[in-house]
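K.L.:
The lines below spell out each chain.
Number of protein chains: 2
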Amino acid sequence: MNQHKISKAIQIGNVTIGGGAPVVVQSMTSTDTRDVVSTIKQIKELEEVDCELVRVAVPDMEATAAIREIKRGITIPLVVDIHFDYRLALAALEAGCDGLRLNPGNISEPDKVSAVVHAAKERDVPIRIGLNAGSLPKTADPKLSVAEQMVEAALEQIRLLESLNFDLIKVSLKAFDVPTTIEAYRSIANKIPYPLHIGITEAGLPRTGVIRSAVGIGTLLYMGIGDTIRVSLTTHPREEVIAGYEILKSLDLRQHGPVLVSCPSCGRTEVDIISLAEEVGRRLEKIKKPIKVAVMGCVVNGPGEAKDADIGIACGKGRGVLFRKGEQIGTVEEKDFVKALMAEVERL
Amino acid sequence: MNQHKISKAIQIGNVTIGGGAPVVVQSMTSTDTRDVVSTIKQIKELEEVDCELVRVAVPDMEATAAIREIKRGITIPLVVDIHFDYRLALAALEAGCDGLRLNPGNISEPDKVSAVVHAAKERDVPIRIGLNAGSLPKTADPKLSVAEQMVEAALEQIRLLESLNFDLIKVSLKAFDVPTTIEAYRSIANKIPYPLHIGITEAGLPRTGVIRSAVGIGTLLYMGIGDTIRVSLTTHPREEVIAGYEILKSLDLRQHGPVLVSCPSCGRTEVDIISLAEEVGRRLEKIKKPIKVAVMGCVVNGPGEAKDADIGIACGKGRGVLFRKGEQIGTVEEKDFVKALMAEVERL
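Sequence order for the protein chains is A and B.
Taken in order, the first sequence gives residues 1123 to 1470; the numbers are from my numbering.
Taken in order, the second sequence gives residues 1123 to 1470; the numbers are from my numbering.
So here's chain A without its partners, still in its complex pose (with noise of 0.2 Å):
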């Protein structure tokens, strides 16, 4: 795994991006924006699942009346996502929002862009720099692949923010397409010291979306590249919380709650796996703990899979193998595997 690459950090509310901070995980609002107490609730529950920075679009002058009113009723801190109209943008810094979200492939015109510049800088909030295939500024080349439009077009951006003497900037070049995306970020990472949101636009139902973005996010993050990531689902934003998490665990850059290792069963399995591992997951859903559970099926690579996790069962024929951290501990019937399992993660 390549070094991970260390940009400038940036502060949005209290969350470090970038400077070798872990990797943050953020998330979106499905809400109207206008509509607080359904706002605020929808954020609280991204909160339950450890989301750490949120951002809700603001298409409007009432969506960015209501700014104020969410951050009083959340935790974390709020970025605003503003298209067009460089007055909304204007309105949400007056509201207190942490960070900002413009994308230049829709407010263009220079001096619109330097009034909000200025107006972020006097309050030390961070802009990013988001630029979507899907919605690449008309000047772009069509001569270049459409990862070199949008590094060109951020380029473009970044250096218009420079010249007015601001760098509280993070940058994202996301695209559904997924060696686009990566081909993109891998580019920009060489040119800018900025720190990277990195995410797939548009994955799409979670069935799909998360292995979208599971690729297209864990490839670069595998690179060292990316300091704060969103995964874009269809549906509930807790999803998009959770398979962030995932993403991150995969690649050790994040501890969050307990890891299942479990076989998927095979012609050599003599208990029934799949409901086992069912039932631990479930279980460990409540542990808050980063714990390592292994649930294994047989006796070929079970062994050595339960010995290298904090907890684990290898299973035989009617009995199971307990082990913690390395250590066989004892043998379990059938009846008691679940039982056992969840009194040694309890002990733990």
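Hints may contain errors.
If chains are identical, the list can't say which one is meant, so a pair holds when it fits in one copy or spans any two.
[Said to hold, decoys possible] 27 Å max Cα-Cα, derived DSS-like pairs, lysine-lysine:
1) K1429 to K1410
2) K1265 to K1447
3) K1410 to K1461
4) K1429 to K1260
5) K1260 to K1447
6) K1265 to K1414
7) K1447 to K1410
8) K1429 to K1265
9) K1260 to K1414
10) K1163 to K1313
11) K1408 to K1130
12) K1439 to K1163
Just so you know, these hints were derived from the structure itself, not from any lab.
Following the hints, put chain B in place on chain A, whose structure we already have.
P.N.:
Below, chain B without anything else, positioned relative to chain A:
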């Protein structure tokens, strides 16, 4: 994306692995192999979702006896998974299996391996050398990293097979830990010409296991490594095949049925994009053709993404703009969204 490493091609039944062939999606049964009826039934279920190669565990002589019958009931090639007892491999070859998977961690005596290799060679049956981090040979050097231990153990076995003038070799080096797995495959990919079977072992329940698998398998494929994949999930193996294709589709390595681009919805969305995408997703499940459908909630990325799809809809308040192959073909009332989209899908 790195150019795909061209490995030596091998033939498992009528399926080519390596040599620039499309990456093959495979799975493994979770039934008792001796139960021929259930095993055939599950393999037929796998064939229905386009599984291209299937593996069954062969833990005893009764299981080897089932192979001939299972072969008769299925159309995809059959690989048998053998541990500990080389005589099972001999019997499985005799029974007509199309491929063998051996684990050097547990059949290590050279004369036994040699007997199997001779029998495989006579029948042109390839052997996968399948190392798992959980079952490394006892001779592994603990001063090396786990990835290096896996590579060394595989190389030793490969040299043994080569010394017997056998080169119908495929190799896998799986661990639960994603960085370890990637490190092992990257290392061996530079050392041997043989095709690689890639996967993350014991990845767990579907919700987390698909993410872990997508990160590991996806990163390797992006790097140009991997000739066949197995997603290992604790559930019905059908889900492994579906997830496998999604990983390959996300990197444009295979086409397989429709792709749904859909936005996560946000405070800008004025229609119920989640329900709409779910309904379209359900209906697309029946479509086999590789078409790209976009369901977008607003004017920011909507028209851009909808244009890029074969069929797309960019929704606004109460109505949406329909796109076909990049061209706007009309506007649709909200109540007709699904009907209009699916009518266009059918027309393609």
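K.L.:
With reference to the structure, classify each hint as holding or not holding.
P.N.:
Hints and how they fare:
no., hint, verdict
1, K1429 to K1410, "within (22 Å within a copy, 44 Å between copies)"
2, K1265 to K1447, "between (57 Å within a copy, 20 Å between copies)"
3, K1410 to K1461, "within (19 Å within a copy, 45 Å between copies)"
4, K1429 to K1260, "between (58 Å within a copy, 15 Å between copies)"
5, K1260 to K1447, "between (59 Å within a copy, 20 Å between copies)"
6, K1265 to K1414, "between (50 Å within a copy, 24 Å between copies)"
7, K1447 to K1410, "within (19 Å within a copy, 48 Å between copies)"
8, K1429 to K1265, "between (55 Å within a copy, 18 Å between copies)"
9, K1260 to K1414, "between (50 Å within a copy, 24 Å between copies)"
10, K1163 to K1313, "neither (40 Å within a copy, 55 Å between copies)"
11, K1408 to K1130, "neither (36 Å within a copy, 48 Å between copies)"
12, K1439 to K1163, "between (48 Å within a copy, 24 Å between copies)"
Of the numbered hints given earlier, the model fails hints 10 and 11; all others are met.
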